[in-house]
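Undergrad: Spelled out, the chains give:
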Amino acid sequence: MTAPRPLSSLLIAGGGPAGWGFAALLSQRLQGAAPEISVMETGAPTIPDIVSTLPSIRTFHAALGLADADAIRRCSGSFKLGERFEDFSGAGSSAFLPYGEIGAGIGPVRFHQQLARLSDGVSSPAYAEYALATRAAADNRFAPPAKDPRSFLSTLDYGFHLDADAYTTLLREIAVRNGVKVLHDEAGAIDYGNDGRIASIRLTAGEPVAADFFVDATPDGRIVRKLCSGGWRADPPLPFDRVACMRRPQDGTVPPFTTNRAMPAGWLRQIPLAGSLHNKLTFASDYLDDGQASAMLGSDSIDFADHACGFRPAPWQANCLAIGPAAWRLDPLAAADMHLVASAGERFMRLLPHAGSSAAEASEYNRLFCEEIATARDFARLFQRCQSRGEPVWKAARKTPVSNELAHALALFESRGRIARRENLVHDETRWIAAFLAMGVRPRNHDPQAGALGRRALTERTARIAEMARQSAESMPGHDRMLARIAAGGSTP
Amino acid sequence: MSDNRVRRVLIIGGGTAGWMTAAALSNGLQGLELDIQLVESETIGTVGVGESTIPHIRYFNASLGIDESDFVRRTRATYKLAIEFRDWNRIGDRYMHPFGAFGTPGSEIGFHHHWTRVGGAHRAGPLDAFSLPIAMARRNRFAPPATDPSSPLSTYSYAYQFDAGLYARYLREYAETRGVTRTEGRIREIELQQESGFAEAVILDDGRRIAADFFIDCSGFRGLVIEQAMQAGYDDWSHWLPCDRAIALPSASTDEFPPYTRATALEAGWAWRIPLQHRVGNGHVYASAFMDDSRAEALLREQLEGEPLAQPNRLRFLAGKRRQQWVRNCVSIGLSSGFLEPLESTSIHLIQAAIGNLLDLFPTGAWDPADTAEFNRIMDVEYTRVRDFLILHYKATSRTDTEFWVYCRNMDIPDSLASKIELFRERGIVAAYEHGVFLEPSWVAVMIGQGILPERTDPRCLAYPDDRALAAMAGLRSDLAARAESMPRHTAVLDLDAAAAAAAV
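Protein chains in written order, with my numbering: chain A, 1 to 493; chain B, 1 to 505.
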């Protein structure tokens, strides 16, 4: 038996945060065993976008050796302690979905079950208030979490808001520094080998670029599409089928969180950067036309695009892996794009193929990808399913079919506040709990094991946690001050 | 609080499952102020096959606040670091499935990739040589793992081999102290509510009637409530796991107390050897379609290393799982919920998993189908993952010496297992999952032990040239051997005289 040959070359078609994030991660982590990696910066730029991430971005940046201060400084960035939801449970309602820990469990009894035990019912403001992130966000404060696990300040977690173009440039720099090559050209025709695998991709001028393995990070999946069995799996369409994006300069306080505000025909997602506010209106074109949307946003320079979600159930085909928009399009409420890019990179490295057939690796990748993407999709769908607005379009959103898994997760949470067991979660259990509660879902019963906890001790304990959250938040500097310090060349403590 | 709150819980059947459940509920659900009763009959024997366990049992005991040394003394337990499999791939082969990973901890590329790439057993020596718990087991050594995660002595875990009858008695005391009441009696009949089909009461042989709101069926194979009254149905897996009978026969202890369980493949099944403090548990699990009872007993007697201490105990079963393990107001735990042969010591673990899920999902108000669905969904995953792991031992064999092994080699297997085998054979990767009992090191041990060697390994291994890798392996091997050698003997740790004295009190 001849030894299988390792990959000697990998061609990534399409740049963007997905293509460059993937290239940067592989080039950084595969040192010594890395194939030659090239990126073909192809495809028209998508609408100007912004990266609003989950806390898992920190692991990704650590793997790249990227410091928070550099990411913030280079990408007009800000810190993100969670997401605020306004008017989703009717006008005037507001709920915060914090990152990091919320309260503290006692043995098998989760914190929200302790609150339920005390009040025979648990509501979202009460629950989220026990998170340091909620308290800090309310006061526009930020400091990175303490490393000492005994400190209450260690319970914090955070993501980022980053300008997508600047972030792409930053990731490209890391990749290029690690030896990744850049080809500035369009992907043209595909040459196939006898075995149905891609042999090379042609540049505009017709010159073929050969590689052992190809990554499709194009905005439209133009490479993988031609190989694909399995195709694209569209989510049951919500009435919100169009997006309008615009960025407005803005001085003053930069809030350390993303805000989502429900409106009669859609919702507005506002992501704060240093010096500007990015607005993304996702709306139902049956109820609001582009002109009305422009008027609502109060601007003429708006980019419009159609909006539909779905994913490719088999993104790894032969010697081609699709990532980013070529493999998934998620509702913005999932905030999971960079999480999934990093996860695709880690999974690809664990399954790193050889130059020959990789059918076994592909099927394992695709199996895990489907599980993972479905949890992100369902998490975003939860908000549409559980909001309680009265307009016809929101009623229609509520009635749009959801997956069996989400239907079960909701039924189980309504029954007893428990999160159904599932694997490859993008959003951890605490975030699922906080999201259900933020949308006003109230469990009918609580955890039977909570009953053994004495009421008095529990009351004291929860009061102490609330007080620690309040005090710890007050000890943190203002988010603006932190950003100013970073802008002036400082680092985060 | 609603009126339909559960107040009275009736556990049907003692034995390991019944008393583990009683103990865990009386401790974990104190806040619900339940009235917990257990009905059992001394005239019905318990199976008590599950004498060998996996490390999870320690968390169960810890959650009850049980003191380990007390538990070891009272159940006449020994420590367990591994299972040894003999004659499974080929007659004369042996390998161990240890409670711990191979190689050095914390490396990103699994050790078996390096080991395979440098030429496997031929050049590096058997995979077994690169596991500390195996090195300890082979030398009859035992010490608890270190708590500092950076220490190589922290990289293994351990379980127990104990007398299941004594364990049940121990937990009975525990449960009775916490208010569980035991009723002696045989069940004649289950009363169901006419419209809802919910169980309402059991009637005993002597006419006594015990009513309850919630029933936990620990009645064993028969499934008195879950099957006979609720008709939950049974998924028959015997085409994949054809063994359907067992003979158990304890024998006198030998001089050594190996800290591991042994499973020796025979003509149409396999024999277990489980060393306890006061006896050795032996048994033969076999397929009646391929072997008659007298031959099975003769083969078992050949395996004994000491004098038999009792008459053989014969059991019949059907591999599979109750289709719904929770139906209306009845949950099945233990053998009433399904049967998977004790090849990987999972019987008690499956009891424990069911109890854990029941504690989480115990009804506190109106009946909710979502709770039941979650329980059944989780237990389905637990059972099918254990099932696949067991089938692997039979399917991946080179044996053709009997019809039984030829059948196993050629049988169809579940797709979920076929893809796991293919992924490992092609690329040395263990399919990743988060829930379910056996993690990557277990699959690696059994895949390689059963002769499935990866055709391709992780390309990142290329960063380590052959000679460097081989030298590192040789160093690791002698380091592990030296560490094991320096540990106390298992018998010394057990302190048998003190244990016997305590048991005699």
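Treat the hints loosely; a few may be bogus.
To be clear about the criterion: a stretch of chain A counts as covered by chain B if any three or more of its residues have a C-beta under 8 Å from a C-beta of chain B, and this derived list gives those stretches [claimed, not checked]:
id, region
1, 177 to 190
2, 375 to 388
3, 407 to 413
4, 447 to 458
Only some residues are given here: those of chain B computed to face chain A with a beta carbon under 10 Å [as the list claims (entries may be wrong)]:
id, residue
5, G31
6, D35
7, G207
8, L462
Since the hints were made in silico from the structure, they are not lab data. Predicted model, so just to flag it, every value in this text is computed and none were measured. Even for Gly, the Cβ is constructed at its ideal location relative to N, Cα and C.
Undergrad: Against each hint, give a clear statement of whether it holds in the structure.
TA: Going through the hints against the structure:
no. : hint       : in the structure
1   : 177 to 190 : violated (count 0)
2   : 375 to 388 : violated (count 0)
3   : 407 to 413 : holds (count 3)
4   : 447 to 458 : holds (count 7)
5   : G31        : holds (2 Å)
6   : D35        : violated (15 Å)
7   : G207       : violated (33 Å)
8   : L462       : holds (5 Å)
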